[in-house]
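Letter by letter, the chains look like this.
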Amino acid sequence: MRERRLKVSTTPLRIRELGIFVRDALGFDHISTVSGVDWIARNQLEVVYFVGSSTPGQEDFILAVSESVARDNPVVPTLIEVWRGAEYHERETHEMFGINFQGHPNQSHLLLPEDWDDLPPLRKDYVSPGR
Amino acid sequence: MVEVESEYSPEADRIMSVSLGPQHPGAGHFRIRLWLDGDYVVRSEPDPGYVHRGEEKMGEYRNYIQNVPHLERPVILDSSNILFAYSLGVDELMNSKVPPRGQYLRVIMSEINRIISHMYFLAIQGYFMGHTTMITWCMGDRDFWIDLGERIGGARVTFAYVIPGGVRNDIPPYAIEKGLKTCDWFEKRMDEYEKIFFGNPMVHQRSDGIGVLSRADAIALGATGTVARASGLTFDVRKDEPYSSYEDFEFKTPVLTQGDSWARAYVALLDMREAVKIIRQALKKLPQGSVRLKLGPQPRVPAGETYARTEAARGEMSYHIISDGSPRPYRLKIGVPSAKNLRVLPHLLHGVHVADIPVIYWGLNYWPVENDR
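Quick mapping for you: the protein sequence lines, in order, are chains A and B. For our numbering, count along the first sequence from 1 and bump the result up by 511. For our numbering, count along the second sequence from 1 and bump the result up by 25.
So here's chain A without its partners, still in its complex pose:
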């Protein structure tokens, strides 16, 4: 990645602790977005929280806090308590990748139709119709 970007990887067990640390001690208090990645070859799903800062002088810094979880049982803790703005981003990551955010108040479909009963669409083994 370019300058003023940093990616920190951890496990679901430690992510909440890390989130609170980067928010309170390092000043990364502004959630930018949450992304998911399906690493099908290594049988893992990755969740990446991109967080910025409102502290003067480090507004250009984006910290990526990531965690990896097994594809067959993807359960991670929600980080809404750390960054409230992550709520809908996590909901989207849940429906698109099938990752279960434990403690999330509402994991119903955000963008997908309510009656979607196929695989989560952004997983690599889901193939779009006609492809």
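Derived from the structure by calculation, the hints contain no laboratory data.
With a Cα cut of at most 27 Å, we get these calculated BS3-like pairs of lysine-lysine:
#	chain 1	residue 1	chain 2	residue 2
1	B	K309	B	K264
2	A	K518	B	K122
3	B	K82	A	K518
Examples of chain A residues toward chain B, derived with CB under 10 Å:
#	residue
4	R513
5	R516
6	D540
7	H541
8	S543
9	V545
10	S546
11	G547
12	F572
13	W594
14	E603
15	L621
16	L623
17	P624
18	R642
Cβ atoms here follow ideal geometry from the backbone N, Cα and C, with glycine treated the same way.
Take the given structure of chain A and dock chain B to it, following the hints.
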């Protein structure tokens, strides 16, 4: 702590649940579920997704050049800015240096798009306040900017102008003169907007103190763009991490502190004033040379990961692109500003009158199609 939106139970008899949209004339393809106690909103839940088209999945099936036209579809009002961030990301992965003339043209086009988008925003905001002069003036004047964009990019709204490696074509010489004239005319026009719209006591009554977002909440909820800058935050990617020669231009980041619907509309007008300044400087200082790098129809992008962002009209537009060295992106996440501001909506709607919902909702500069992708 998870925020509790209401002390009322939606199941209680006196609470009525109402669905606003998705056929609401202003909301477009978007629904808000409301729980009302008389005329007051006690709880609300946005329900987007009516125009979800799977842009991110589509991106994984197409190569980096084929991705250009479909990626601007989510926000055709602001089509250059959504491609700008994508192009920056791909340039970064390919380690390509865009020629200076290409960088300036990217800036010109994205600032024109900022004005086009804000004019639409102000038009509908005026309409929601019952100020019909604003919708006719803004929609009419917006067309002069669309004309200018058409002379540069060749299409009316979906320009597909900013592409990886630079811009698609050079600016025709007569468009420079036309652009400078449009800037001069528009600056005078904005003075009139200020008098008839922002100085209007009716507009003040309808929007002063409506939907106040504090600075702390704006940070915690992840607000960006006009919403954040109306609440005292100085977020502006153009200033924070100047990309594509933005450091060459003199402009300010307009910031207001009231955090209400009036400030969110007024900050858009101030944004347009700065955009005009940037366009004028860029047209006058336009360097000579080529406008893009030759990439070929199927560029090879080295394996890597990037998080590129630009300041779009609605706020921070970001792309998380992962390349595995193949011709197509492995992952293409579009972080659109509407999705970042959506969490603010239920927070602001708590406890307001039903009549204030349109003003608050549209004041967030929310674009349903952009959020749904």
